[in-house]
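S.K.: Working from the sequences, and respecting the hints, build out all of it.
Take a look at the letters that make up each chain.
There are 2 protein chains.
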Amino acid sequence: MSKLFASMIFLQEIFDEHAKKDGDPNTLSKKEASDLLRSELMMEPKQVDAEKLFKSLDMDGNGVVSFEEFVTFAAAMTMVLPRKSCSQ
Amino acid sequence: MSKLFASMIFLQEIFDEHAKKDGDPNTLSKKEASDLLRSELMMEPKQVDAEKLFKSLDMDGNGVVSFEEFVTFAAAMTMVLPRKSCSQ
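Quick note, the sequences are listed as chains Y and D, same order. Each step along the first sequence adds one to the number in UniProt numbering, with nothing skipped, and position 52 is 52. Each step along the second sequence adds one to the number in UniProt numbering, with nothing skipped, and position 36 is 36.
Be aware that one or more of the hints could be misleading.
Derived lysine-lysine pairs resembling DSSO-like cross-links, with alpha carbons at most 30 Å apart [what the hints assert, rightly or not]: (1) D:Lys21 / Y:Lys3; (2) D:Lys30 / Y:Lys3; (3) Y:Lys55 / D:Lys30.
One side of the interface only, derived from the structure: several residues of chain D facing chain Y at Cβ under 7 Å [what the hints assert, rightly or not]: (4) Lys3; (5) Leu4; (6) Gln12; (7) Ile14; (8) Ser29; (9) Glu40; (10) Met43; (11) Glu68; (12) Val71; (13) Ala75; (14) Thr78; (15) Leu81; (16) Arg83.
No wet-lab data here; the hints were simulated from the structure. Beta carbons are placed, not taken as given, at the ideal position from N, Cα and C, and that holds for glycine.
M.R.: Okay, structure coming up:
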């Protein structure tokens, strides 16, 4: 499998793994999103930060995170993630 | 490394691998973009399709593809890539 396909499949797998825990398997609840960030980013967001993080994920403000919102968040993070210097 | 980090790093690696081939190592030329799509998506775009594909990648129309444009393209593809059924 190419790296590009693997990258895309990974995002699907991460989302599905967490979204199916409770309620609607097609969206992330606040708890599911917080668990995802904790396990995937090894972050321990303090409560206030968790609220802010969730708001940045839940772009349409409907209280849950769709797959599209999750991918958009992951893309934004990819763009700001420090990159190995290209001239290497 | 978490899947989310791996997914992000893969996009960086794919882009850098192709962008450094000629000219500016921070952007994809038309040829580099076409090579990337061919190797990563196992596609053999006919000339006319390659033009269209390049235009969909080169969102600001400046003749090259930036990392941000590439990540935006990959995110859009991730959103439309058929997903294993969530109810499994």
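S.K.: For every hint, state whether the structure bears it out.
M.R.: Hint check:
Straight-line distance between C-alpha atoms of Lys21 (chain D) and Lys3 (chain Y) comes to about 18 Å, which keeps the hinted pair within the 30 Å bound. Restraint check for Lys30 (chain D) and Lys3 (chain Y): the C-alpha separation of about 20 Å stays at or below 30 Å, so the hint holds. For the hint pairing Lys55 (chain Y) with Lys30 (chain D), the CA-to-CA distance comes to about 37 Å; that exceeds 30 Å, so the pair is violated. A least Cβ separation of about 4 Å between Lys3 (chain D) and chain Y falls short of the 7 Å threshold, and the interface hint therefore holds.
With its C-beta approaching chain Y no nearer than about 4 Å, Leu4 (chain D) sits inside the 7 Å limit, and its interface hint holds. Interface restraint check for Gln12 (chain D): the shortest CB-CB distance to chain Y comes to about 5 Å, inside 7 Å, so the restraint holds. At a threshold of 7 Å, the smallest CB-CB gap from Ile14 (chain D) to chain Y is about 5 Å, leaving the interface hint in force. Taking 7 Å as the C-beta cut-off, the interface hint given for Ser29 (chain D) is violated, the closest approach to chain Y being about 14 Å.
With a cut of 7 Å, the hint placing Glu40 (chain D) at the interface with chain Y holds, because the nearest CB-to-CB distance is about 4 Å. Because the smallest distance between the Cβ of Met43 (chain D) and any Cβ of chain Y comes to about 11 Å, over 7 Å, the interface hint for this residue is violated. Taken as an interface hint, Glu68 (chain D) checks out: its beta carbon lies about 5 Å from the nearest beta carbon of chain Y, inside 7 Å. A hinted interface residue such as Val71 (chain D) counts as satisfied when its beta carbon comes closer than 7 Å to some beta carbon of chain Y; here the least separation is about 5 Å, so the hint holds.
With 7 Å as the threshold, the beta carbon of Ala75 (chain D) comes within range of chain Y, its nearest partner Cβ sitting at about 4 Å, so the hint holds. A least Cβ separation of about 4 Å between Thr78 (chain D) and chain Y falls short of the 7 Å threshold, and the interface hint therefore holds. Taking 7 Å as the C-beta cut-off, the interface hint given for Leu81 (chain D) holds, the closest approach to chain Y being about 5 Å. For the restraint placing Arg83 (chain D) at the interface with chain Y, the shortest Cβ-Cβ distance is roughly 5 Å, inside the 7 Å limit, so the hint holds.
Hint check: violations occur at hints 3, 8, 10; the rest are consistent with the structure.
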